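Participant: Letter by letter, the chains look like this.
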Amino acid sequence: MSDTNDIYQKDSIFPPPLVSGKHDFHSITETICGVVEKPFNINWLLAIGFSSTFLLMLGASIGYLFWEGTGIWGLNNPVGWGWAIVNFVFWVGIGHAGTLISAVLFLFRQKWRTAINRFAEAMTIFAVICALVFPGIHVGRVWAAYWMLPIPNQMAMWPNFRSPLLWDVFAVSTYFTVSLLFWYVGLVPDLATLRDRAKNKIAFWAYGILSLGWRGANRHWQNYERAYMLLAGLATPLVLSVHTIVSFDFAVSVIPGWHTTIFPPYFVAGAIFSGFAMVLTLAIPCRKLFGLEDFITLRHIENMNKVILVTGTLVGYAYAMEFFIAWYSGAPYEGFAFINRAFGPYWWAYLTMVSCNVISPQFFWSKRLRTNLTVTFILSIFVNIGMWFERFVITMSLHRDFLPSSWDYYTPTIFDVSLLLGSFGLFFTLFILFLKFLPAVAISEVKGVMPQADPHWEGYAQKEAH
Amino acid sequence: MSEIKKNWGVLAEFANPAELLNAAQKLNDLGYKKFETWSPFPIHGMDDAMGLSGSKVPWLTLGGGLTGLSIGLLLQWWTGAVDYPLVIGGKPYFAWQYALPVTFELSILLSAFGTVFGMFALNLMPRPYHPLDNIPAFKRVTDDKFFLSIEVSDPLFDMEKTKTLLSELGGTDVTSVEE
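As they're listed, the protein sequences go chains A and B. Each residue of the first sequence is one higher than the last, beginning at 401 in the numbering used here. Each residue of the second sequence is one higher than the last, beginning at 33 in the numbering used here.
Treat the hints as calculated values from the structure; they're not laboratory data. Treat the hints loosely; a few may be bogus.
Claimed, not checked - Subject to a maximum C-alpha distance of 27 Å in a straight line, what follows is the list of computed DSSO-like cross-link-like pairs (lysine-lysine): (1) A:Lys438 x A:Lys601; (2) A:Lys422 x B:Lys171; (3) A:Lys511 x A:Lys767; (4) A:Lys511 x A:Lys599; (5) B:Lys123 x B:Lys37; (6) A:Lys688 x A:Lys511; (7) A:Lys601 x B:Lys171; (8) B:Lys65 x B:Lys171; (9) A:Lys599 x B:Lys88; (10) B:Lys38 x B:Lys171; (11) B:Lys123 x B:Lys88; (12) B:Lys66 x B:Lys193; (13) B:Lys195 x B:Lys171; (14) A:Lys438 x B:Lys171; (15) B:Lys193 x B:Lys65; (16) B:Lys171 x A:Lys836; (17) B:Lys58 x A:Lys511; (18) A:Lys599 x A:Lys836.
Computed from a predicted structure; not experimentally measured.
One chain only, chain A, in its complex shape (with noise of 0.2 Å):
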């Protein structure tokens, strides 16, 4: 017991270094840039061949849904919403996290989140590529999908911009593009690094092309430094902004258990929940994969499930919330809508979300199991399955609704698991693309938080000294 209080005063007088072993810049450079440079082995084959192929699920579905329409889903009378925007909402949730380590975190000067970042605004780029999949998809006449932007058409018709699902396209096209150019700024001068070390000319040109010719100007990284700081303030309202618009295209409509004023803030939490899950489960496989652990320490991985701890609570408070606002509103949809929830034909779904979500991370108020890896991972695990049948509750609401006439079950058909299962394969193929290709952890940012990139560092005043 001593011992463990000595471990947490030691811990907040004097925090475990950033990065840990003995690296100094070069050790860093080479660390990180041998991921890249190191020829194909036969794990990281075997991986994109696995994850290739749920891609290529992905694409057969889609192909398939095209020629036949939505007709091949479950969707029915009542339920006339249903994996698409689970799917969806799932997707852009677990980008969240990345724009949050990336952002708010920066913003807060915390700067651990410097071996992580890079990582998770990759796995935010390729988390809302699969969410853009669905909306582009659910359409029903793909031909047409260009309507939800306002571009001059035949019929001399504009977009409807009362529209929630409107304000939606707009939230989330401006977040993946905004995102996309926060990780390229990021990239530039670790692009060049590699560009630099570049052995072939396939590399050179590459690196050198994307890297737009930085060389580490003094004047630059000037400019630099603000943008990227201007950039971190922008992505943070927008990053609350998307999901709280996200939440709209439910609360602005006026069906019982969706219309709450609780959803903007209650999906924003569950959002950067779900992306801390997602970070982890994708960090403590590649930190071993490829020798990252003296930069993803135990120390980082413990932070995080702080944050999952926090955010799982918040989400266990919004479900108690709802369920009170809906007996204290005293509407009777309102009261139906979440009894039925919880003991309606859907309360495995409902008993899943809540064991998933709201218990599973009270674990981490122990610190021996919040700095165990194996907990850890399958804790994050737990986390995604119960933070996608959040969405799958909310969404399945419609499937008792005013009239018990037209009440239905929805049963999902094979062409919603495969198109589930085929995102998995799209985000995890981008995913170890981005590991092969591009720098994980952000290298110039990393030796930036070193204790000798301080120009008063103790160990040059000693040099001088002498």
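Use these hints to put chain B onto chain A, whose structure you have.
Facilitator: Structure of chain B alone, referenced to chain A:
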């Protein structure tokens, strides 16, 4: 076949961020203007040591944001109330309340464009060729080396004197750079 090449300036290597900062401070004190430091990461305090004024990027962010704000409001007002007035639920053709989400998103989007493209423009990027690319050792600047360069166009520049000065400040491998 000898091609006459113009001198671009001189380049010196420094051992660590502290020495680079110190040298930049001295050059600024002596009145040099057209000198630049090169490092694998931004060095804290270097902007002041070099005597640089603030970055202009925030103005471009503001410009982008105001453009996005205006486009957002004008687009929704013109399409909904002027070009094709559409009665939806008997509500007014235009109201700023419903226009907020799209206006907000467009303001953020164009602010980000202003910031990123403005930053690259201020840095005169993309820049495929630079005289310093002729120095093989300079490749390590994106890895772990620190450099300082002074251009010929600086009024105080004198090939021999400037080279000696850089050595005195702790610079090693002082070389002249051709264009």
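Participant: Hint by hint, say whether it matches the structure.
Facilitator: Evaluation of the provided hints:
no.	hint	in the structure
1	A:Lys438 x A:Lys601	16 Å, holds
2	A:Lys422 x B:Lys171	24 Å, holds
3	A:Lys511 x A:Lys767	21 Å, holds
4	A:Lys511 x A:Lys599	33 Å, violated
5	B:Lys123 x B:Lys37	73 Å, violated
6	A:Lys688 x A:Lys511	22 Å, holds
7	A:Lys601 x B:Lys171	16 Å, holds
8	B:Lys65 x B:Lys171	24 Å, holds
9	A:Lys599 x B:Lys88	37 Å, violated
10	B:Lys38 x B:Lys171	22 Å, holds
11	B:Lys123 x B:Lys88	44 Å, violated
12	B:Lys66 x B:Lys193	16 Å, holds
13	B:Lys195 x B:Lys171	21 Å, holds
14	A:Lys438 x B:Lys171	20 Å, holds
15	B:Lys193 x B:Lys65	16 Å, holds
16	B:Lys171 x A:Lys836	23 Å, holds
17	B:Lys58 x A:Lys511	31 Å, violated
18	A:Lys599 x A:Lys836	16 Å, holds
Of the hints listed earlier, those the structure fails to meet are numbers 4, 5, 9, 11, 17, in rising order.
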